[in-house]
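Engineer: Residue numbers (the numbering used here), protein chains in the order written: chain L, 19 to 276; chain C, 640 to 906.
Because the hints were derived from the structure by calculation, they are not lab data.
Backbone N, C-alpha and C define an ideal beta-carbon position, used for all residues, glycine too.
Keep in mind that the hints are not guaranteed to be accurate.
In silico DSS-like pairs for lysine-lysine, Cα to Cα no more than 30 Å straight-line [unchecked claim]: (1) L:170 to L:264; (2) L:113 to L:102; (3) L:145 to L:264; (4) C:703 to L:102; (5) C:775 to L:113; (6) L:22 to L:145.
The calculated label-pair distances, taken between Cβ atoms and stated as ranges, are [said to hold, decoys possible]: (7) L:35 to C:836: 35 to 43 Å; (8) L:271 to C:746: 22 to 30 Å; (9) C:872 to L:61: 40 to 48 Å; (10) C:897 to L:171: 47 to 55 Å; (11) L:161 to C:664: 36 to 44 Å; (12) L:271 to C:714: 54 to 62 Å; (13) C:877 to L:157: 52 to 60 Å; (14) L:147 to C:731: 57 to 65 Å; (15) C:728 to L:220: 49 to 57 Å.
Some chain L residues close to chain C (C-beta under 8 Å, calculated; not the full set) [as the list claims (entries may be wrong)]: (16) 94; (17) 95; (18) 233; (19) 239; (20) 249; (21) 252; (22) 266.
One letter stands for each residue in the lines below.
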Amino acid sequence: MSGKTLNLTLSVWRQPGPDARGAFMTYPANGIPEDASFLEMLDIVNEGLIEDGELPIEFPHDCREGICGTCGVMINGRAHGQEKGTATCQLHMRKFADGDTIVIEPWRATAFPVVRDLVVDRSPLDKIIEAGGFISAPTGTAPDANETPIPKEVADSAMDAAACIGCGACVAACPNSAAQLFTSAKVWHLNSLPQGQSERYRRAQNMVETMEQFFGSCTNHGECTEACPKEIPQDFIAYLNRDYMKSLVANRKLAGQR
Amino acid sequence: MAAPTAAQTTPGANSATRPLRPSLRRLPFPLNLYQTAVGKKWVMAATGLALLGFVLFHLFGNIKLYIGVIEHDGEPIYDVDLYAEGLRELATPIFPRTWLLWLLRFGLIGAFVLHIHAAVSLTRLNVSTNRPYESKRDWLAANFASRSMRYTGVIVLLYLIFHLADLTWGWIPGYDWERGEVQANVVNSMSNPVVAIVYIVANVMLAVHIFHGTYSMFQSLGINSPQYNYIRRHLARALAAIILIGNVSFPIAVLTNVIEYDPSLLG
Numbered sequence: 019m020s021g022k023t024l025n026l027t028l029s030v031w032r033q034p035g036p037d038a039r040g041a042f043m044t045y046p047a048n049g050i051p052e053d054a055s056f057l058e059m060l061d062i063v064n065e066g067l068i069e070d071g072e073l074p075i076e077f078p079h080d081c082r083e084g085i086c087g088t089c090g091v092m093i094n095g096r097a098h099g100q101e102k103g104t105a106t107c108q109l110h111m112r113k114f115a116d117g118d119t120i121v122i123e124p125w126r127a128t129a130f131p132v133v134r135d136l137v138v139d140r141s142p143l144d145k146i147i148e149a150g151g152f153i154s155a156p157t158g159t160a161p162d163a164n165e166t167p168i169p170k171e172v173a174d175s176a177m178d179a180a181a182c183i184g185c186g187a188c189v190a191a192c193p194n195s196a197a198q199l200f201t202s203a204k205v206w207h208l209n210s211l212p213q214g215q216s217e218r219y220r221r222a223q224n225m226v227e228t229m230e231q232f233f234g235s236c237t238n239h240g241e242c243t244e245a246c247p248k249e250i251p252q253d254f255i256a257y258l259n260r261d262y263m264k265s266l267v268a269n270r271k272l273a274g275q276r
Numbered sequence: 640m641a642a643p644t645a646a647q648t649t650p651g652a653n654s655a656t657r658p659l660r661p662s663l664r665r666l667p668f669p670l671n672l673y674q675t676a677v678g679k680k681w682v683m684a685a686t687g688l689a690l691l692g693f694v695l696f697h698l699f700g701n702i703k704l705y706i707g708v709i710e711h712d713g714e715p716i717y718d719v720d721l722y723a724e725g726l727r728e729l730a731t732p733i734f735p736r737t738w739l740l741w742l743l744r745f746g747l748i749g750a751f752v753l754h755i756h757a758a759v760s761l762t763r764l765n766v767s768t769n770r771p772y773e774s775k776r777d778w779l780a781a782n783f784a785s786r787s788m789r790y791t792g793v794i795v796l797l798y799l800i801f802h803l804a805d806l807t808w809g810w811i812p813g814y815d816w817e818r819g820e821v822q823a824n825v826v827n828s829m830s831n832p833v834v835a836i837v838y839i840v841a842n843v844m845l846a847v848h849i850f851h852g853t854y855s856m857f858q859s860l861g862i863n864s865p866q867y868n869y870i871r872r873h874l875a876r877a878l879a880a881i882i883l884i885g886n887v888s889f890p891i892a893v894l895t896n897v898i899e900y901d902p903s904l905l906g
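Please work from the sequences and hints to get the whole structure.
Structural biologist: See the structure below:
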């Protein structure tokens with residue numbers, strides 16, 4: 019790990035607790051290796067803070083390989099920083115220049131209250147997943163391969179949707195704090211596949227209506243896709259809207275036939 | 640009694656898991672379409688499409704201002720005056736005079752009311768759910784049109800009221816408004832440079848509103864097919880350009896005497 023090092027200035031949001039007032043604090047971040055990830059840079063700064071007897075900066079992190087969706091902060095006004103299709107943990111310090119000032123702020127949304135410093139409570143996203151319910155999966159012996167034929171395009175689309183790691187960057191980037199991209203990815207990943215058809219319209223309706231108890235409405239800016247570390251396309255939002263409007267008719271028909 | 644959990648004892652820690660809004664009391668079928676934000680956006684898109692159709696037909700009618708005087712039943716008449724009278728006599732053998740026009744007008748008024756009500760309630764929702772950033776945001780995809788919809792919308796509404804007061808009701812002082820004399824009223828009104836500038840600025844705002852509205856409409860209605868999605872931006876640009884160039888041309892043409900009103904031509 020011998021390489022260039024960077025000297026940076028951090029402007030970090032510090033907030034002792036959910037109900038406390040927060041403010042930006044400035045910290046020097048000197049001798050940061052170029053190959054460090056953004057979270058490792060914060061680790062190095064925190065070690066310095068602990069040595070000085072200060073409380074370390076709390077930030078969300080877990081797998082640090084871009085697949086768990088735990089990390090995520092606003093870096094210089096962009097969710098997950100300037101690197102497209104990359105979570106904060108996969109953003110490397112070589113993308114910054116020596117002497118840069120980096121402004122770090124937690125996700126902002128009424129539904130995402132700050133827990134401490136850069137950590138926010140994203141449990142409303144879990145409520146949307148819960149509202150999605152189950153899929154009817156037959157139990158018994160393992161099904162034969164290729165028993166359920168799925169066109170390649172459909173499988174690809176479902177896989178693109180399933181790539182969502184639930185980090186909340188879409189909500190953070192949205193001027194309305196809407197969770198449409200998250201919900202649409204979760205809905206489309208099951209609604210596009212044959213295995214998800216039995217509960218298709220119930221799922222669409224329940225997830226949208228739960229989403230709207232917490233989040234704003236989509237106005238089609240497209241900021242969410244730009245922020246998304248998995249580059250989930252806007253198209254899924256249109257599919258969600260379509261399935262939701264159909265669900266209002268379909269679910270009513272089903273109820274009438276009971 | 641179960642022991643209190645950590646979430647219950649830590650103040651504020653459980654606040655996010657409580658919904659910001661209660662769950663819906665479900666209304667009967669056609670009304671439930673308008674109960675949720677997704678449904679309201681669908682209604683906004685559908686009414687926006689109707690209003691867009693009106694704006695395009697309005698432009699089509701206005702182009703007759705350029706045609707000037709024509710011969711009708713052996714009498715010289717301004718083509719746009721004849722067109723305006725024709726609107727009142729739409730489908731006259733079937734409907735009495737002005738009935739179909741009023742039917743269309745009620746449809747438009749309904750579309751306006753729904754479009755504006757949905758816009759106001761969605762804006763209120765989005766203001767309540769969004770907590771602005773303390774640091775400067777760096778916008779990547781949102782453009783001027785998408786971020787200014789609520790402002791351009793208000794400007795277009797105020798302009799609409801002015802436009803009706805000016806040319807439909809004749810309430811704006813400065814010239815002698817005459818019912819049915821469309822060419823005369825347009826020329827007399829817009830030859831005032833202040834009024835002409837109001838028309839030009841308002842129609843630029845209308846074009847900006849239509850640019851984002853046309854693109855957004857497809858997403859809200861759920862019309863999406865990756866193979867053809869590139870058309871949506873082109874269509875938004877084309878419609879905004881047609882409305883912009885078409886509508887702004889009229890006040891400019893009046894100021895530069897391309898569109899004129901000359902009573903001596905009517906004999």
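Engineer: Evaluate each hint against the coordinates.
Structural biologist: Here's how the hints hold up against the structure:
With a CA separation close to 25 Å, the supplied pair residue 170 of chain L and residue 264 of chain L stays within the 30 Å bound. For the suggested pair residue 113 of chain L and residue 102 of chain L, the alpha carbons sit about 12 Å apart, so the restraint of at most 30 Å is met. A distance of roughly 22 Å separates the Cα atoms of residue 145 of chain L and residue 264 of chain L; the hinted pair therefore holds under the 30 Å criterion. Pair hint residue 703 of chain C plus residue 102 of chain L does not hold up; C-alpha atoms about 51 Å apart against a cutoff of 30 Å.
Of the pairs offered as hints, the one joining residue 775 of chain C and residue 113 of chain L holds, with about 20 Å between alpha carbons and a cut-off of 30 Å not exceeded. Using a Cα cut-off of 30 Å, the hinted pair residue 22 of chain L and residue 145 of chain L is violated, with the two alpha carbons roughly 45 Å apart. Checking the proposed 35 to 43 Å range against residue 35 of chain L and residue 836 of chain C shows it is violated: the Cβ atoms sit about 55 Å from each other. Evaluation of the 22 to 30 Å hint for residue 271 of chain L and residue 746 of chain C yields a pass: the beta carbon distance comes to about 29 Å.
A beta carbon spacing of about 43 Å between residue 872 of chain C and residue 61 of chain L agrees with the range 40 to 48 Å that was offered as a hint. Distance hint check for residue 897 of chain C and residue 171 of chain L: the Cβ-Cβ separation is about 54 Å, which falls inside the suggested range of 47 to 55 Å. Remark: the range hint 36 to 44 Å for residue 161 of chain L to residue 664 of chain C is upheld by a beta-carbon distance near 42 Å. At about 60 Å, the beta-carbon gap between residue 271 of chain L and residue 714 of chain C stays in the expected band of 54 to 62 Å.
Checked against the hint of 52 to 60 Å, the C-beta distance between residue 877 of chain C and residue 157 of chain L comes to roughly 55 Å, which is consistent with it. The given range of 57 to 65 Å is respected by residue 147 of chain L and residue 731 of chain C, whose C-beta atoms sit roughly 60 Å from each other. Between residue 728 of chain C and residue 220 of chain L the C-beta distance comes to about 52 Å, which sits within the given range of 49 to 57 Å. Interface restraint check: residue 94 of chain L against chain C, minimum CB-CB distance 6 Å, threshold 8 Å, status holds.
Annotation: interface hint on residue 95 of chain L holds; nearest CB of chain C at approximately 4 Å, less than 8 Å. The beta carbon of residue 233 of chain L is positioned within 8 Å of a beta carbon in chain C (closest approach about 6 Å), and the interface hint is therefore held. Taking 8 Å as the C-beta contact cut-off toward chain C, the hint placing residue 239 of chain L at the interface holds, the least distance being around 4 Å. For residue 249 of chain L, the shortest C-beta to C-beta distance to chain C is roughly 12 Å, which exceeds 8 Å, and the interface hint is violated.
The criterion of a C-beta within 8 Å of any C-beta in chain C is met by residue 252 of chain L, whose closest approach is roughly 7 Å, and the hint holds. Taking 8 Å as the C-beta contact cut-off toward chain C, the hint placing residue 266 of chain L at the interface holds, the least distance being around 6 Å.
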